[in-house]
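The listed protein sequences correspond, in order, to chains A and B.
Heads up: the first sequence is residues 4 to 556, going by my numbering.
Heads up: the second sequence is residues 4 to 556, going by my numbering.
If you are wondering where the hints come from, they were derived from the structure by calculation, not from laboratory data.
Any given hint might turn out to be false.
The list cannot tell twin chains apart, which means a pair is met if one copy fits it or any two copies do.
No farther apart than 25 Å at their CA atoms in a straight line, the calculated lysine-lysine pairs in the DSS-like style are these [as the list claims (entries may be wrong)]: (1) 178 <-> 52; (2) 57 <-> 182; (3) 474 <-> 98; (4) 124 <-> 178; (5) 37 <-> 182; (6) 98 <-> 182; (7) 491 <-> 98; (8) 554 <-> 182; (9) 406 <-> 474; (10) 244 <-> 52; (11) 178 <-> 37; (12) 57 <-> 491; (13) 438 <-> 44; (14) 182 <-> 44; (15) 491 <-> 554; (16) 37 <-> 52.
Protein chains: 2
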Amino acid sequence: MSFFEAHRARLEQAVGACRARVYWSAYPEVASGKIYGETAKADGEAAFKALLGKPFDLGESGGRRVGREVSPYGMPLGITYPAMDPDALIERSMKAGDGWARASIGDRVGVCLEIVDRLNKQSFLIAHAAMHTTGQAFMMAFQAAGPHAQDRALEAIAYAYDEMTRVPREVNWSKPQGKGDPIVLDKVFRIVPRGVSLVIGCATFPTWNGYPAVFASLATGNSVIVKPHPGAILPLAITVKIARDVLKEAGFDPDVVMLAPDEAEAPITQELAAHPGVAIVDFTGSPAFGQWVRENAATDLVFTEEAGINSIVIDSTGDFRGMCANIAFSLSLYSGQMCTAPQNIFVPASGIDTNEGHKSFDEVAQALAMAIDRLLGDPERAANILGTVQNAATIQRIEAARKLGRIIRDSAAVPIAGFGEARTASPLLLAVDAKDDRAWGEERFGPIAFVIRTGATEESIALASQSARRKGAITASLYSTDDAVIDKAADAFARAGVALSVNLTGGIYVNQSAAFSDYHVSGANPAGNACLTDSAFVANRFRVAAMRRQKTA
Amino acid sequence: MSFFEAHRARLEQAVGACRARVYWSAYPEVASGKIYGETAKADGEAAFKALLGKPFDLGESGGRRVGREVSPYGMPLGITYPAMDPDALIERSMKAGDGWARASIGDRVGVCLEIVDRLNKQSFLIAHAAMHTTGQAFMMAFQAAGPHAQDRALEAIAYAYDEMTRVPREVNWSKPQGKGDPIVLDKVFRIVPRGVSLVIGCATFPTWNGYPAVFASLATGNSVIVKPHPGAILPLAITVKIARDVLKEAGFDPDVVMLAPDEAEAPITQELAAHPGVAIVDFTGSPAFGQWVRENAATDLVFTEEAGINSIVIDSTGDFRGMCANIAFSLSLYSGQMCTAPQNIFVPASGIDTNEGHKSFDEVAQALAMAIDRLLGDPERAANILGTVQNAATIQRIEAARKLGRIIRDSAAVPIAGFGEARTASPLLLAVDAKDDRAWGEERFGPIAFVIRTGATEESIALASQSARRKGAITASLYSTDDAVIDKAADAFARAGVALSVNLTGGIYVNQSAAFSDYHVSGANPAGNACLTDSAFVANRFRVAAMRRQKTA
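Working from the sequences, and respecting the hints, build out all of it.
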C-alpha cells in the first residue's frame, strides 16, 4: 500500500477538520505509554542520550561540522551537525527538487504524511530534544514539539492537498459556435512548485512554528532547506533526518529536505534568504530580523511570524478567582516565552466589579500576584509550568525591566531538582500608568508583565487595540460580564487583526492555539504577515501551468 | 429581493465553473440586439457621443479636473474627470471602507454582482469607450472590454466568495478532558479586509485586466481606488460611476470605489503606490514600472501582470495552411498589442514536415507572410482585426525593428474608412538566426514578430522556455505531430510557468484566455506574480479575526 493510501483516511479527516474548525486532533497530546507504547518514554530518553556529545548523522557527506547548543537546563549538548555553504546547499536542493516537482500530488502528500507519522512515533525523543534546546518543561516540550506540532504539520498538508486538488487535472473545454461545430480543447493543468523553500526556525518552538512551512512547501512540490536557530538545532535535525529517510524509501533524492545549521558566531541566514535561488522564505523570529528578511529576501514570497505585544483587558468578571488563576497560568507558562503570552494587563483606575464585590486597581494587581505565587508555590509544579529561560538575554531584560514600574511581584530564579545550573525566572509583575507607554508600549520578551492603570475600560480597549495595530499582537484577552463591552472589544480587536479570547477561567489559556481550529497569527498586523494555517499560506507555494490542445477531428 | 438573492444562482454557477474549468460564460459575447436589446447598439453609441467634450460626472465634488485622452482613431475625446490629491483620495477611501468592511459577505458580494450586471447592460457604451481609448476595433472592444471582462469580474467574485465562505462563521469547539467535562469554547470567525486597494490600470485592456482586482478586493471588503492609465480613463470611469451608483442604492458610501485619474504630464501612480495608507496594489503594465511598484509599494501585497515574450515553436504540422492562418491571425489581432500575442516563431533551419510535404525554413516564413497578406487583404476585415495602435511609441518601435533582421513582410499603415487620422500598423515579420537574441530576446511590444532559425526543435523549445524564465512569457504555442515532442515541450513550458497551446488551427488562438477555464498568467515567471484568477489571487485580500469565548455553565 502506498504511503498515500496508508494515510488517506487521516488526510480526509484533516481536510474536513480544516473546514469545520471544530475540535479535532490527529496526534494524542497525552504522553501515555498506553498510546505511545510502554517503552516509548524510556526509549525516547535513551535515544536522546545516545545523541549527546556526538556528530549527528544526517546521511550527508559534509566536511565541516557546526553546533554549540547548550541546554537552558545547564549542560552543553555537544552535538555537531554537517554544514554546507549556502551556494552548495541551494544547488543540491534545486537538483533534488526536480524529481520532487514531477511527482504526483498523491506521492508527495503520502511522503509528507508518512514523515509526520514517524515524527509522532518519535515524540518522546523530540520532547527531550525540545526540552534541552527551547528550555521548556518536559511535558510542554512533549506536547508542543510533538503532537501539537504534528497536528500543525498535518493541517498544513491538508490545506496544501485541498488547494492543489481544487485545480482539475484534465478538462474538456467545448465552446458552442451557434450552428457550427463547437471549438474543443483538451486542457491539462499541472501543479508546478516555486523552487527552493527556506524555513528559518526559532529557538522557542522550532517544530511547532517550523512544521507548517516545511510541510506546506514540501506537499506543494518545493524542496526545503531547514535553517534552525543555532540554539535549537536538534529538534529540527531529528525532523530532517526522518524526512530524508522517508524520501529515500519512497525513491526520492533525500536532499529534497536539507538541514542548514550554523552557529551564532557565523550565521548564514542572511546569505540564504538573499540568495536568488531561494523562491520561498518562511521566518519565525524577532520583528527586527523579520523586517530585514521581508526587505532583503531575493523573493517576494515571504511568510513571517514576528512578534507582538499581547494584551488582557479586565473590565469585570463573574469569577474573580478563576480569572486571576487563569491569567497567572498564562503569565507563568514557559516563563512568558510564548508568542501568544500576554504582557499588558489593562485595568481601570476605579477598579472592577466582580462576583467577590468591587475590587480596586491595587486589589486586582495584588490578586494577580498572589495567584502567581499560589500557582508556583510548589517547586515541582513551578518547574513543570515555568520550564527554563531559553536565552540569557531574557534574564538581563527582566533585570532592566524592574525599573520600569512599581514592582507588584518580583521575578526570581526557581530551582529545578536535578538541574542545578538551569536558567530560570518566575514572572515579574509591574504596575504602571497608561501614560507610561515607554514601559508597556514595547515588547519585553519573557516573564515580564504590566498591570496598566487606565481611565476606563473604553480606554483599555483603545490602548490595547492601537498597540496591536502599531506594534503587532497575536492574542488579546478580555474579561467582562457586559455583552456591550464584549461586542465593542470584539470589533476593535478584529479590526486590529488580533485573536480575542473572552472570559477564560477554566483549563484553557489565551496562550493556546489549537490546530484545525484557531488561526494562529492573523497576518493583519505587524506580528506577522502570515497565518497558520489558511489558504493564503499554501495557495501561492505552487502555480498552475496549463496546456491546451486542439482536438483534431 | 436583495442584490445577493437576485444574482445568487449565477454566483453559484460561477463558483462551480471555477472548479470545473470547463467552458462556461455568464455574459454573451455576441453583440446582438436579440440579447442586449434592439436599441442597445444605438443607445450605447449615443451615450458615448453624449460624453464627448464634457466633464464626466462621477457624483464627486472635485475641484480640479484632468483628462487628455485622444482616440487612436484620431480625435481627442475632450472629456475631463474630477481629480483629487492622493492623500485626500486615500483618506476618503479609508473612511468609506469602514462601513463596507462591516457589511456581510452576502451584502458585499450582492453589490459586486449587481455592478457587473449593470456593466453588462452598458456593454455597447463600454465598447465605444474602449474602442476610442485602447484603439481596438469595435467588435473586439465590445467583447474584451464588455462580456469577457465581465466574466473575469464574476470569476474573481466567485473565487472571493468561495474563499470567504470556506471560513466558518461560528463554531462550537469542545475538547474532551478524559473523564472530566470537556472544555467548550464558542468561536466566531470574522472576515476582515486589508484596507485600501489600489488598482493600476493599463491602456490596452483597462477593464479586462482591471476588473479581477477591483472585484476581488471589493468582495473581500476592501475599498478600491481605481487608477486608470491616462490614455484609457473612460472605460474605468464608466465602471466606477456604475459601481458608485449601486453602492449608493445599497446604502453604502459611494467612496468605497473611487477614480484616481491623472495625466501623463503629472502622474500620481507612484505617490499612490508608495502611500502607507494603501494595503493592496494591483498593477498591469510594463515590467520596468512593475518592478518599481514591487520594490517601492508601501505594502508587501502586490499583484502584478507585467509582460513577457511569447513564443511559437513550429516542429511539424498536419495542417500547414490552418497553422499559417492561425498564426497570422494571432500576430494581427489588435496589431500584436495583446500581452498574450506571440513575438518569436522558432523554426528549424532544416525546415518542417507538413501535410503538404517538407517545407524549408524560408518556405515557412513566406507562408506566414502570405497568410497575413491573405488575412488582411480585404481592407474592412483588416481594420476589424487590426484595430489601431494605442501608443505612438509603438509606431517608432516598428520603425526601429526593421533593422533587426531580414524583412519577410513589412509593416504598413492600414487605412480605416471614416477615420482618416487613425494610427495603424500591420505586422512586421523578420527572419533572424537563433544567435541574434539581441533582436528577438527583448520584448518588442506591437505588431513585430521574428521567425527564428534554430538547429532543431529541441533548441527551439530550449530557447523559448529559457527566454520565458528569464524575461517572462504568458503564452507559448507549439505545432507538432509528434507526441514525444509535445510531451517534451509541455514539460519545459510548465517548468517555465507558461501556458502552452498545442496545434491550434481552427477558430481559437493562442492570444485568447477564457475566464472560468484558462489561468491567465501563471505567476511563475517574470511576466507577472499573480494569476487571473486562482485562490492565491483572493485569499490574502482578507484575513480572519477570531473571537473565542468560554461557555459559562
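**Up to 25 Å CA-CA - residue 37 versus residue 178, copy category** = Result: close only across copies, 20 Å inter versus 60 Å intra.
**Prompt:** At most 25 Å between C-alpha atoms: does residue 491 with residue 98 qualify within a copy, between copies, both, or neither?
**Reply:** Cα proximity of residue 491 and residue 98: across copies only (19 Å, versus 54 Å in one copy).
**Request:** Classify it for me, residue 406 with residue 474: is the Cα-Cα distance of at most 25 Å met within a copy, between copies, both or neither?
**Result:** within (22 Å within a copy, 58 Å between copies)
**Item:** Up to 25 Å CA-CA - residue 491 versus residue 57, copy category
**Value:** neither (57 Å within a copy, 48 Å between copies)
**Asked** Taking 25 Å as the upper bound on the Cα-Cα distance, should residue 474 and residue 98 be classified as within, between, both, or neither?
**Response** Classified as between; 22 Å across copies, 41 Å inside a copy.
**Prompt:** 25 Å Cα cut-off: does residue 57 pair with residue 182 within a copy, between copies, both or neither?
**Reply:** So residue 57 and residue 182 fail the 25 Å test inside a copy (78 Å) and across (44 Å) alike.
**Prompt:** Is the C-alpha distance from residue 491 to residue 554 at most 25 Å within one copy, between copies, in both cases, or in neither?
**Reply:** Close across copies (19 Å), not inside one copy (60 Å); limit 25 Å.
**Asked** Are the CA atoms of residue 178 and residue 52 at most 25 Å apart within a copy, between copies, both, or neither?
**Response** The answer is neither: 67 Å in one copy and 35 Å across copies each exceed 25 Å.
**Item:** 25 Å Cα threshold - placement of residue 52 relative to residue 244
**Value:** Classified as within; 17 Å inside a copy, 71 Å across copies.
**Prompt:** Taking 25 Å as the upper bound on the Cα-Cα distance, should residue 554 and residue 182 be classified as within, between, both, or neither?
**Reply:** within (19 Å within a copy, 64 Å between copies)
**Message:** My question is about residue 98 and residue 182: at a cut-off of 25 Å on alpha-carbon distance, are they close within one copy, between copies, both, or neither?
**Reply:** For residue 98 and residue 182, neither the intra-copy (52 Å) nor the inter-copy (52 Å) Cα distance is at most 25 Å.
**Request:** Evaluate residue 37 and residue 52 at a C-alpha cut-off of 25 Å and name the case that applies: within, between, both or neither.
**Result:** within (23 Å within a copy, 82 Å between copies)
Checked against the numbered hints above, the structure violates hints 1, 2, 6, 12, 13; every other hint is satisfied.
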